[in-house]
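Chains A and L, in that order, give the protein sequences. Quick note: the first sequence, position 39, residue 39 per our numbering, numbers continuous. Quick note: the second sequence, position 89, residue 89 per our numbering, numbers continuous.
There may be inaccurate statements among the hints.
What the hints assert, rightly or not - With beta-carbon atoms standing in for the labels, derived distance ranges:
#1 A:Glu15 - L:Lys52: 47 to 57 Å
#2 A:Ala29 - L:Lys40: 20 to 30 Å
#3 L:Pro69 - A:Thr18: 46 to 56 Å
#4 A:Asn65 - L:Gln14: 42 to 52 Å
The set of hints was computed from the structure by calculation and includes no laboratory data. Think of the CB as a built atom: it goes at the ideal place given N, C-alpha and C, for glycine as much as any other residue.
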Amino acid sequence: RKEVEQDPGPFNVPEGATVAFNCTYSNSASQSFFWYRQDCRKEPKLLMSVYSSGNEDGRFTAQLNRASQYISLLIRDSKLSDSATYLCVAAYNFNKFYFGSGTKLNVKP
Amino acid sequence: DTAVSQTPKYLVTQMGNDKSIKCEQNLGHDTMYWYKQDSKKFLKIMFSYNNKELIINETVPNRFSPKSPDKAHLNLHINSLELGDSAVYFCASSHGGTADIYGYTFGSGTRLTVV
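If we strip away everything but chain L, and leave its shape as in the complex, we get (with noise of 0.2 Å):
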């Protein structure tokens, strides 16, 4: 059983599309992120929803907008994409509390290309 499961893999798109990453999670965490990973390998946080309450959000487009139905799931829906928006997107979970020693559990990621 995967711990935390994003779709789809991989997502090729034009510019100005619109679409949407998913994200589950299955081991009863209460906190969700979204990060994204640049050609340089820097991961960056995007954002972070405890209990399906926005608790992060960092410096990210509006076009980026996330939603969280319930606490075992995060999607993130991106509008009007750019060439810049090109990325690997993680999803991640936690149990949460900032002295966690459990750290993240990552999903496998989404590569998106913008062309």
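Here chain A stands alone, though its shape is the one from the complex (with noise of 0.2 Å):
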């Protein structure tokens, strides 16, 4: 089973939209968790850090809840500038980092 599980998509929404990503996590001792944006043929990016009490950036909105053990990000007034590939990781054991494979996300006009 992998560490980090996320819906591969391709999510395909309107300018304007709101979209919502899930992730799951299988390590409960699970201490760190983030969400890192990915373009084509590019390294990833952090885009936001994941706190126990959720916080949010701008459009962006990330939550986290431990008993369930998964995490999400909301991006509201979805940019075309937003297609990318979104990656979820949870971090734990002095910074080993687990990565899911990506959720593919496509903003059209």
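Hints in hand, dock the two standalone chains.
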């Protein structure tokens, strides 16, 4: 079983839509959680950390549910530039980061 | 100034060859990593060094040998390359600590193709 699982998508949404991704993690000892964004043929870049209390950064909201071992990312008012692959990360045991295989988002005009 | 730089960006080589990929970070981070991203886009950790000391060594063939001459550099040497080694290899660095909220900074990747 993979440490972190995500729906690969693609999610095809029109501009302005709200879209949500979930990901589940298998190790209950996971301590830190992140969402990364990866554009085609580029390196992953940190989008946001995910805190226990949930956190928001502009149009992006991340939530953590430890009881059910999942994290979520909500994107409001989607822009064309949001098109990318979104990688979920669970980390534990001294910087051991486990990445999901990513959820692809296509925002269409 | 590039924060995490790795070279080369592209590497095409024949089976059986030995090759190296270099990585340098100028962020003052304590920990550096090598990740492999396969054709299915799955990013898998290979190695991690903290202050030149190997702390993570996942199940990787021993043809892969990391070397960290100092905490700003982490190189990856691969012996006897095989077709299945074709992938994108990402170097990354972080401040360190499991509660690190800053995550990783990745290099731009080395696209290795073994023919």
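Review point. Are there hints from earlier that the structure breaks, and if so, what are their numbers?
Key: none
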